[in-house]
Structures are given as structure tokens and as C-alpha cells.
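**Q** Each chain is listed here by its residues.
Protein chains: 2
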Amino acid sequence: MDPDAVARAFVEHYYRTFDTNRAGLAGLYQDSSMLSFEGEKIQGAAAIIAKLTGLQFQQCQHNISTIDCQTSGPAGGVIVFVSGSLQLAGEPHALKFSQMFHLIPTPQGNFYVLNDIFRLNYA
Amino acid sequence: MDPDAVARAFVEHYYRTFDTNRAGLAGLYQDSSMLSFEGEKIQGAAAIIAKLTGLQFQQCQHNISTIDCQTSGPAGGVIVFVSGSLQLAGEPHALKFSQMFHLIPTPQGNFYVLNDIFRLNYA
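So the sequence lines, in the order shown, correspond to chains A and B. Counting from 1, position 79 in the first sequence corresponds to residue 79 in full-length UniProt numbering; the numbering is continuous, with no gaps. Counting from 1, position 1 in the second sequence corresponds to residue 1 in full-length UniProt numbering; the numbering is continuous, with no gaps.
The hints are simulated quantities; they were obtained by calculation from the structure and are not laboratory data. Using N, Cα and C, we set each Cβ at its ideal position, and we do this for glycine too. A hint or two may mislead.
Short, incomplete list of chain B residues facing chain A, as computed with Cβ under 7 angstroms [said to hold, decoys possible]:
{"id": "1", "residue": "Ser72"}
{"id": "2", "residue": "Ser83"}
{"id": "3", "residue": "Lys96"}
{"id": "4", "residue": "Arg119"}
With the rest of the complex left out, here is chain A:
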């Protein structure tokens, strides 16, 4: 496994899906998954997708600035750390954000998101 390739492919897939079909992110989370979104903790795939699809903005575009990744422990996990900006439809300025994901391999050879922490970087 090349963790950098995993991280790049995940980031590309995650934000493209977020920006075009947010409900399609459901397959990336499991019942044990946890999202911290601007300080609010949400557990489980169903609640996470309800949160993400219920955000006030309907159209957005993520632009990625940096991707860092590291393997995490002997179980094949990958930690992905992203910085970028989020452009909301109709807003004049993009919002800077940072986000991290802890990806865990599945028996089927894919990865799911165990930990997801998102924060806007206020200037």
C-alpha cells in the first residue's frame, strides 16, 4: 500500500462527492465513525450523512491546498490531513478550512472513515 496514493485518491473522491452528491458519502462511513464538525460531535454513518446533507448551503466547491498523510499503527490505517478553501454559492469570499480523516482498511480492500474532524480557519 502506498499511503500517499491512498490519501490522494481518497481526497479527490471525497470532495468531488461532497460537491456533487453529498448523500453519496454514506458508503465511506460506518456505525463506529465519528465526525466533529465545527466542534459538534456526530456518531454513525446515518447521523453523519444527515448532518452533511442538512447543512444550510446546497452548492459548494472545495479547493485543496495541501494533503499530508501518515500510516497509523500496524493495522493499515492511514491518517489524511487536508487544508483548503470552501467556496459557497453566492458568497464573495471562500472560507479556509482544515480537516483530518483516519481511514481504516475494510476486509473488502477499501477504506472507511473512522475519524473525521472539520474546522473552518477564521482569519
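Following the hints, put chain B in place on chain A, whose structure we already have.
**A** Below, chain B without anything else, positioned relative to chain A:
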């Protein structure tokens, strides 16, 4: 274990030590530890401390804005996600940063840093 209490205590200890006695961070890392510092990957406690103590600035002050934490997996790990600003001595403006740590429990009942990713948030 209360992960929020672990995260708060770790963050307080980590940045106080960084700002007053950077070499004192050595006890928080092990040979398996990995630091990504502005995209540069450094493995192992000795190399990580050499990197941190060799940074060009000698005096700095971290101010923390947000702390998020989540448990990570059955092994008692804690993920800590920090945002804040870094004031360097003699510089007019503080630098915004984001940093994440994956803390792993030790047999002695403490935690060490397995993963550490640091990024400045350029405006």
C-alpha cells in the same frame, strides 16, 4: 478515560513545553513516531526533536483557539486536532496553524505521540 480531559491536558503540556523548553518534548515521542512539518516527514523521537529544536526561531508563543478530540479504535488511542496562532519573537503578525496528534497509551498509563501533522494556514 475521558478523552476530552486527556486532550486538554496534552495540549496544555505540549505547547507550554514547546514554548519554554522544546527539547523537553522528547519524552512524548517514540521511535515509531512520525512528524509531518509543513510537508516534510520526519520519523523517530531523536530526528523529530532535532527538527523542532533546529527551527530558525528560538522564541515563540502558541495561542490555542480550538481543541477537538475523538477516541480512535479499541486500543485507547486519542486523536487531538488543534487550531491556533503562533507568535514568533520580533514578528509583527502571528501565524495561524492547524495541528493534529494521534496519542497512543503506554503500558505505564501515559500517552505518546504516534502521529503529528503540523501546517501553517496561509491567508
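**Q** For every hint, state whether the structure bears it out.
**A** Hint check results:
1. Ser72: Hint on Ser72 (chain B): holds, closest Cβ of chain A at ~6 angstroms, below 7 angstroms.
2. Ser83: holds (6 angstroms)
3. Lys96: Holds, because the Cβ-Cβ distance from Lys96 (chain B) to chain A comes to roughly 6 angstroms (cut-off 7 angstroms).
4. Arg119: holds (6 angstroms)
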